[in-house]
Amino acid sequence: MRGERLAPPPTRREGDARIHRRGGRNVRRAIPVLVVVLVLTVPGIAWAAWITNGSGAGRAKGGTLPTGPTPSSTTITSSTITLTWSDVTVGGQPLSTLTGGRYVVSRNGGASSAGCGGAIGIAATTCVESGLSPATTYTFTIAAKLGNWVGNAGTSISRTTLSAPTVVSTNPSSRGQGAANQTITVTGTGFVSGATVSFSGGGITVNSTSFSSATQLSTNVTVSSGASTGSRSVTVTNPDGGSGSCPGCFTVNAGPTIAFPTATAQEVVTHNQTASFTVTGTAFQSGVTVAISGGFTITGVTYIDASHINVNVTALGGAFKGVYDLTVTNPDGGSRTSTGSMKNA
Amino acid sequence: MNGSRFRRNGAKATAATVLTGVLLAAGVAFAAWTATGTGQGYAKAGTAQALTTLDGSGSITNTLVPGGTGDFVIKISNPNAYPVSLAGATLTGSVAATGGIGTCTTTGVTVSQSAIDGTLPHTIAANGTWTDVVSAGASMDNTSQNGCQGATFTQSVTLSGASA
Numbered sequence: 001m002r003g004e005r006l007a008p009p010p011t012r013r014e015g016d017a018r019i020h021r022r023g024g025r026n027v028r029r030a031i032p033v034l035v036v037v038l039v040l041t042v043p044g045i046a047w048a049a050w051i052t053n054g055s056g057a058g059r060a061k062g063g064t065l066p067t068g069p070t071p072s073s074t075t076i077t078s079s080t081i082t083l084t085w086s087d088v089t090v091g092g093q094p095l096s097t098l099t100g101g102r103y104v105v106s107r108n109g110g111a112s113s114a115g116c117g118g119a120i121g122i123a124a125t126t127c128v129e130s131g132l133s134p135a136t137t138y139t140f141t142i143a144a145k146l147g148n149w150v151g152n153a154g155t156s157i158s159r160t161t162l163s164a165p166t167v168v169s170t171n172p173s174s175r176g177q178g179a180a181n182q183t184i185t186v187t188g189t190g191f192v193s194g195a196t197v198s199f200s201g202g203g204i205t206v207n208s209t210s211f212s213s214a215t216q217l218s219t220n221v222t223v224s225s226g227a228s229t230g231s232r233s234v235t236v237t238n239p240d241g242g243s244g245s246c247p248g249c250f251t252v253n254a255g256p257t258i259a260f261p262t263a264t265a266q267e268v269v270t271h272n273q274t275a276s277f278t279v280t281g282t283a284f285q286s287g288v289t290v291a292i293s294g295g296f297t298i299t300g301v302t303y304i305d306a307s308h309i310n311v312n313v314t315a316l317g318g319a320f321k322g323v324y325d326l327t328v329t330n331p332d333g334g335s336r337t338s339t340g341s342m343k344n345a
Numbered sequence: 001m002n003g004s005r006f007r008r009n010g011a012k013a014t015a016a017t018v019l020t021g022v023l024l025a026a027g028v029a030f031a032a033w034t035a036t037g038t039g040q041g042y043a044k045a046g047t048a049q050a051l052t053t054l055d056g057s058g059s060i061t062n063t064l065v066p067g068g069t070g071d072f073v074i075k076i077s078n079p080n081a082y083p084v085s086l087a088g089a090t091l092t093g094s095v096a097a098t099g100g101i102g103t104c105t106t107t108g109v110t111v112s113q114s115a116i117d118g119t120l121p122h123t124i125a126a127n128g129t130w131t132d133v134v135s136a137g138a139s140m141d142n143t144s145q146n147g148c149q150g151a152t153f154t155q156s157v158t159l160s161g162a163s164a
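Residue numbers (the numbering used here), protein chains in the order written: chain A, 1 to 345; chain B, 1 to 164.
Treat the hints as calculated values from the structure; they're not laboratory data.
Bear in mind that the values here come from a model prediction, so they are computed numbers and not experimental data.
Possibly wrong hints are sitting among the right ones.
What the hints assert, rightly or not - Not close to chain B: a few residues of chain A, all C-beta gaps over 12 Å, as computed:
id, residue
1, Ala49
2, Ile51
3, Gly118
4, Pro134
5, Gly201
6, Ser210
7, Thr289
Said to hold, decoys possible - Short, incomplete list of chain A residues facing chain B, as computed with Cβ under 7 Å:
id, residue
8, Trp50
9, Ser55
10, Arg59
11, Lys61
12, Thr64
13, Pro66
Using N, Cα and C, we set each Cβ at its ideal position, and we do this for glycine too.
My request is simple: use the sequences and hints to build the entire structure.
Right under this line is the structure:
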């Protein structure tokens with residue numbers, strides 16, 4: 001024991017040997033085991049992840065529709081206002097092109113006419129608001145609509161419809177039955193180019209109408225011989241549909257009738273001879289004129305009364321012998337023709 | 001003699017260190033399994049905290065209108081001290097609306113599971129958050145009520161992940 005204590009310290013190799021021989025033997029045996037454990041465990045660390053679940057919620061947000069566009073008006077009449085506006089975009093797309101995309105036009109805070117979509121709206125950027133009263137101011141707003149969504153209305157505009165035309169008088173104010181191609185001047189207000197004239201009661205054909213000014217139109221009419229006599233209402237209608245009437249502003253007078261001569265009771269005048277005869281009938285007017293379709297020269301016409309006209313004629317020698325027509329025309333244009341009533345014999 | 005004892009002690013220390021390391025490593029390994037719910041955990045390594053969500057609607061730039069699509073956002077918070085790989089976010093329940101301009105019981109909103117799946121997996125940093133902005137992840141049809149304008153639509157999700 002003493003000797004051992006005095007013995008030189010073992011060499012490094014000896015020491016290693018001692019370790020190997022003694023306690024170190026156990027340690028060295030343990031190391032491989034531990035290494036194996038580590039080899040098995042470390043991958044286990046990597047492989048055995050912590051399961052980390054959870055719950056919660058995700059979110060999406062609803063947008064809003066843009067404020068409606070401000071309309072402008074392109075055409076105003078006495079009964080309509082045409083509105084136009086710019087297409088707003090929703091999600092980068094023009095609203096009018098989207099499924100369910102519309103514009104709701106409001107008139108005076110209520111629904112617009114059907115022409116502008118009413119309460120449903122319209123998938124367009126223009127519309128004609130109709131059924132308006134003349135000379136009336138209306139306020140319009142427009143809101144965007146997409147599906148069930150309706151956005152805020154845009155800036156409003158107010159527009160006043162034009163006044164409807166009025167008819168004050170006609171000149172002349174009457175024409176007789178049978179009056180053809182009579183020019184009548186219609187006086188009033190609010191006339192626009194393209195306005196038309198019409199007469200109530202039938203039997204008056206308007207051949208043409210020309211625009212003279214906002215207060216005057218000129219119309220050409222023919223009154224049939226069968227037109228009812230009496231007063232008629234004269235109506236002027238502008239192209240926008242606005243119209244105005246003047247009850248009793250025009251009268252159809254009774255036209256002349258001819259009882260003699262007629263085709264069965266002819267006035268016969270010998271070739272190159274003169275004759276004086278009386279045309280009988282009704283509704284002759286002072287200033288009446290008489291015409292014969294040929295074969296005669298009229299040398300004198302004298303109005304006697306509403307039933308008699310004295311006529312002087314010469315049967316032309318150079319004319320063909322035959323039958324001709326006699327026509328009586330009053331100053332009001334009322335006219336009647338007795339066919340085949342004059343004979344150049 | 002002293003040197004020999006020293007070397008023996010050093011060897012023992014090495015072995016002890018290795019053993020400690022092994023135990024620690026094993027502890028970590030066993031702790032991980034504990035978090036998964038296998039019931040074998042005994043180490044005090046803490047427990048996995050569930051992922052939660054926050055209101056990420058502030059990150060939405062594309063909102064919904066009838067007939068359109070918009071962003072669906074899930075803002076996920078990882079309360080754990082380790083990163084988590086989020087593998088799934090599964091839609092549950094129906095869409096609810098709050099905060100519109102009026103009645104919004106018919107939202108017309110549908111959230112796309114496949115669109116969400118397309119953004120995963122994603123690793124969320126330890127104690128971090130991640131805002132998953134799913135572009136066109138939500139859509140709205142024309143049945144959406146007018147009162148849904150400006151509303152926030154909420155769709156429940158369940159989250160599944162694991163430590164990264």
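Do the hints match the structure? See the list:
Non-interface status of Ala49/A relative to chain B is broken: a Cβ of that chain comes within 12 Å, the nearest being about 4 Å off. Residue-level check failed: Ile51/A sits 4 Å from the nearest beta carbon of chain B, not beyond 12 Å. At roughly 18 Å from the closest C-beta of chain B, the C-beta of Gly118/A stays outside 12 Å, upholding its exclusion from the interface. Every CB of chain B lies more than 12 Å from the CB of Pro134/A, the least distance being 37 Å, so the non-interface label holds.
Distance check for Gly201/A against chain B: the nearest CB is about 55 Å away, which clears 12 Å, and the non-interface claim stands. Even its closest Cβ contact with chain B, about 55 Å, leaves Ser210/A beyond 12 Å, as expected for a residue assigned away from the interface. Separation of Thr289/A from chain B is adequate, the least Cβ-Cβ distance of about 78 Å exceeding the 12 Å criterion. Given hint, Trp50/A at the interface with chain B, holds; its Cβ is 4 Å from that chain's nearest Cβ, closer than 7 Å.
Look at Ser55/A: its Cβ gets to within about 5 Å of chain B, closer than 7 Å, so that hint holds up. Restraint check, Arg59/A versus chain B: the minimum CB separation of about 4 Å is within 7 Å; hint holds. Annotation: interface hint on Lys61/A holds; nearest CB of chain B at approximately 5 Å, less than 7 Å. Proximity of Thr64/A to chain B holds as hinted, the smallest CB-CB distance being about 5 Å (cut-off 7 Å).
A least Cβ separation of about 10 Å between Pro66/A and chain B goes past the 7 Å threshold, and the interface hint is therefore violated.
Violation of the numbered hints given earlier is confined to hints 1, 2 and 13; the remaining hints are satisfied by the structure.
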